[in-house]
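Chemist: Working from the sequences, and respecting the hints, build out all of it.
Line by line, the protein sequences are chains A and B.
Per my numbering, numbering through the first sequence is continuous, rising by one, with the last residue being 543.
Per my numbering, numbering through the second sequence is continuous, rising by one, with the last residue being 347.
No lab work stands behind these hints, which were simulated from the structure alone.
All of these numbers come straight from a predicted model, not from anything done at the bench.
Just so it is clear, CB atoms sit at the ideal spot from N, CA and C, and this is done for glycine as well.
In silico DSBU-like links for lysine-lysine, alpha-carbon gap of 35 Å or less:
no., chain 1, residue 1, chain 2, residue 2
1, B, K223, A, K419
2, A, K362, A, K386
3, B, K223, A, K412
4, A, K362, B, K223
5, A, K386, A, K419
6, A, K432, B, K223
Just so you have them, the derived chain B footprint on chain A, three or more residues with Cβ under 8 Å:
no., segment
7, 382-395
8, 403-416
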Amino acid sequence: MIHSASEPPQPVQPTRGAQSPQDGAREPILATSGVSKTFPGVKALQGVDFRLFTGEVHTLMGQNGAGKSTLINVLTGVLAPDAGTIRLGGEVVAFGSPQEAEAAGVRTLYQEVNLCPNLSVAENIFAGRQPRRFGAIDWPDIKRRAQAALARLDVSLDVTRSLDAYPIAVQQMVAIARALSVDARVLILDEPTSSLDDSEVAQLFKILRHLKQSGIAILFVTHFIEQTYAISDRITVMRNGEREGEYLARDLPADQLVAKMVGHDRMSARLREAAHEEQAADALQEMTDESPVPAQHAQAAAPFVELRGVGRRGTLQPIDLDVQSGQILGLAGLLGSGRTETARLLFGADRADSGTILVNGKPVRLRTPRDAVRHGIGYCAEDRKKEGIVAELSIRENIVLALQARRGWWRKIGRQRAKEIADQWIERLGIKASDAEQPIGLLSGGNQQKALLARWLATDPKLLILDEPTRGIDVAAKFDIMDRLLALCANGLSILFISSEISEVLRVSHRVAVLRDRRKIAEVAGKASNEDNIYRLIAGSGE
Amino acid sequence: MKLSKWFSRDGGERQLLWPCVTLALLCGLNLLVNPHFLALRTLDGHLFGAPIDILNRAAPLVLVAIGMTLVIATRGIDISVGAVVAIAGAAAATILSTQAVPSGALVAQALVAALVVGLLSGMWNGVLVSFVGMQPIIATLILMVAGRGIAQLLTAGQIIPIGAPAYLFVGGGYWLGIPCSVWIATVAVLATAALVEGTALGLFIRAIGVNPVATRLVGLRSKAIVFAVYGFSGLTAAMAGILISSNVRSADGNNAGLLLELDAILAVTLGGTSLLGGRFSFAGTILGALIIQTLTYTTYSIGVPPEATLVVKAAVVLAVSVIQSPAARALAVSFGSSLVKHRGVAR
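Modeler: Next comes the structure, spelled out in structure tokens:
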């Protein structure tokens, strides 16, 4: 259940090139040829050819900014291409709006579930096109048809209950049911799995396979390499707005996929090994051996923060946790196991109702984020959009915000000084932006995350709490960020690292606390343990 | 032009284009009707003329709208400002009425009392919004209704005449040839701009307006800032209350500042500050207030019958709002280009 995605396939034969021979006879259901799109200063797409076949799952891979989203927006009528043609079922089409694309049978599911949580499941499936009888909405018919639409996906729900009564994964299924409730020929899923846990992903994939067999062409966008191989028949790799190539999934080994995403020249040894999970641990071992934090020193280091019986009724069982100076403590556990809850209690975002927190050995009261910030703690929240970025403000304003908050409102950081700080971090963290005045909301996910890191690093923190810092970020940016964090740790920064990717937690953490059902069940040394151990602990069978 | 930086932030200049155009059009219309519209003359060393008249009458609205701008920037709204205007005026008048010939000290006392009462009213709103967590429109609705009652209690349901010359000077006097109320509004605007943009408050208010959750997690005392902003709105409303009561030489708990909250909200929106919070522009708000006052002046000057004034005002406001909407402009552009295309085909 926990590790449901299958292992990456072994290379059968070396990749030959973009086209596979057996496609010659088949006509793609959806195809683009020579599609280009330019935004001010950015060539988002350059002469992209793309083909999607009926009965296949085709995955679009690429780093942030590679042009995946733009291509999807062009396919679904959100954007009009500057050049090139789109064919649907052989005929040239030019969708003026997403509605036109939907009417033509191209249905799209976006990253966030775009439904109304307060309406019933049935209403959500038929919102905007309710069947009518004598001018009034035919409720029995809606109910019947909603059940039928869900049955097609092997899901059975009480369709009269409101949507928010169901977990996010089920809401995702409802969104798919909505997408398919009218004649869909093409289903586009833009990172549908980023908020799902492993078992939910498995269920989604079951449905996708089922849909595939029923003759629907599926275009899938994800950052997860394992998931790509678990579901895809075909992979198109995008890089810098161009199509790098199209491959059959079974012909393309994972390491080569990563290499193609980042470009061969920029393919470091470490990245290549990352594609092979089993080798990654060794690679990191070497890297940390070189780093100035020796293992024995790490053991002796005094804890920066100690949690003693810190808990909150209904949220987290009392927990003991130490974060040593200059070390990374990982928190591993499933969604809802208490990872984020721990972080929020430590940061004062929620108030603990039991226990004490010690900073540098002295008991402190962390009742608000402000208290935590004053003790040198920073927190990059899980939900970047809602709890992290201030979207309409510039990168400069976002970066200096925490520093300014700490200085107080009276001692303003002058515009010139703020710009210097922002420019310095943009350069140090390699944030890709036209300049510091660009609204942060326009950056890609990885660059937003870096800017949020910069916001905290500018305050010179002692402890950074990172909740899913790499979610929705492409592989290369992920490694880039982790790399920089390790370097910061070497300089004495402590990190509390939370991620649902266990392998990632293990890779960077000195020690890992394992959480299950809102309590800490074990603490293990980071590099000493293997992934399976942690899985067993989380599943509750390893004790 | 350094000043303009304080008023409007990055990109604010473009945002101010449409309010400027609207104001220019209104002035143009007045010039057509009355070629001497912009003419100024001096009488007893005082400046007179339509522009001065408009500025003078717009001063209370400008004051209220400045406070409203900050409230709206934090995603809030304050519909109690009209009532606070009445309370402040009533408080001042009540104190002044204790002496037949008010002394200078009593006038000072009345002014301070009015400001304190306004500040307290605003703080009351701030407590409800920030610490109790009420919806701003509901929280301030309470004072909007209760405030009129308080004002009437203070004045015992009567219109209290004000005779103290020192007090009347505030809203009706002249200094260096220009009405005092214009000076007061100008100083208040500059001081506010300096306070907000000269410190980090402006950044904090914008951040709270765009994303209150993230702002709290950055370690900002968002609640205290929002509280202060409502308090400030109460203070500017009280200043307006003093000007109005001084100008009409009386305190009327029932009618002083009636519907002023709506004009203030309108001034803020006409100036391009979004009701969704975040970016704000003082310059825009001032332009908005001037547009409203010029419009009122225009309806009289071009001879719109009094009973039709409100309808005409509403129509103009609608037109201005539509022009400012990007969606409507895009529609107009595509309509225009299709017209051109059709004409081309016809030829």
